Amino acid sequence: MADGLSVRTVVERLLQRDIPDQIGETSGVQFELTGMRTTNLHLPSAAMKNDVITTKGGGVSMVGKYRFTYGRLLSGDGDFDVIVSGLSLVISPPIRHRNQNARHPRVTHVNSHGDQRNPNNADRDTLMRLVHHGHVECTARSVKIKFRGKSARLCGFLTKVFSRWIISQLQISTAEFVKSWFREEPDMSSIALMALFAMNDDNAVGK
1 MADGLSVRTV
11 VERLLQRDIP
21 DQIGETSGVQ
31 FELTGMRTTN
41 LHLPSAAMKN
51 DVITTKGGGV
61 SMVGKYRFTY
71 GRLLSGDGDF
81 DVIVSGLSLV
91 ISPPIRHRNQ
101 NARHPRVTHV
111 NSHGDQRNPN
121 NADRDTLMRL
131 VHHGHVECTA
141 RSVKIKFRGK
151 SARLCGFLTK
161 VFSRWIISQL
171 QISTAEFVKS
181 WFREEPDMSS
191 IALMALFAMN
201 DDNAVGK
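Read left to right, the sequence shown gives residues 1 to 207 (the working numbering).
The hints are simulated quantities; they were obtained by calculation from the structure and are not laboratory data.
Small disclaimer: the values here were computed from a predicted structure and weren't measured.
For glycine and all other residues, C-beta sits at the position ideal for the given N, C-alpha and C.
One or more hints might be untrue.
Straight-line distance between alpha carbons at most 25 Å, and here's what the computed DSS-like set of lysine-lysine pairs gives [said to hold, decoys possible]: (1) Lys144 / Lys56; (2) Lys179 / Lys49; (3) Lys65 / Lys150; (4) Lys144 / Lys160; (5) Lys160 / Lys150.
If you anchor each label on the Cβ, the simulated ranges turn out as follows [said to hold, decoys possible]: (6) Arg72 / Thr159: 18 to 26 Å; (7) Glu32 / Asp125: 41 to 49 Å; (8) Gln16 / Ser75: 30 to 38 Å.
Between the sequences and the hints, there should be enough to build the whole structure, so can you do that?
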């Protein structure tokens, strides 16, 4: 099935993509996050209303290495695991088009097989407009971090610091990935879009 193949391709690219090393400072903590990679994806369900796609229930798991210093006396390094839940996307038309259909709301629900209950509500033209001109936003509800290594006990106070930072960076990087996917492969994007966002919440794809 074309939709399933397109979704699988997108998932594989997400799992294989490089996550840039991060060096920064927040709340007095200097840190480095390196060797990060995505290990598992939990694909969201989706609905369309007024030509806006909204998703819910997505998630992602990552692993990597950390190093931090706090002042002159406190430092450590090791490995970490991250589980992000409540990952959601909103893909909407450009501002100038957002009110065109406000008086005629349309709702489309898609099942886990990518089959539209009302195929007239999500036509190819609508999807292509979103692919070529859509505005993409990403939000994440929560992050769980597990630190490993000799410095793990020192990292309790870093959990909130890293959680805020990881959520912020993940929201940005996920939105940028979707935008680049749309830009580089608009045809595949339009085919896979509804199937990708309509996967059942219980499905997860990983390696």
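Honestly, do Arg72 and Thr159 meet the 18 to 26 Å range at C-beta? Taking Cβ atoms as reference, Arg72 and Thr159 lie about 22 Å apart, which means the hint holds.
Range hint compliance [Cβ, Gln16 to Ser75, 30 to 38 Å]: 32 Å, holds
Hinted pair Lys65 and Lys150, Cα distance within 25 Å: 13 Å, holds
Hinted pair, alpha-carbon criterion (25 Å max): Lys144, Lys160. Please report holds or violated. 10 Å, holds
Quick check on a hinted range of 41 to 49 Å for Glu32 and Asp125, using CB atoms only. 46 Å, holds
Hinted pair, alpha-carbon criterion (25 Å max): Lys160, Lys150. Please report holds or violated. 20 Å, holds
Hinted pair, alpha-carbon criterion (25 Å max): Lys144, Lys56. Please report holds or violated. Distance of about 18 Å is within 25 Å: holds.
For a C-alpha distance cap of 25 Å, please report whether Lys179 and Lys49 respect it. Within the cut-off at roughly 20 Å; holds.
Consistency note: the structure conflicts with none of the earlier hints.
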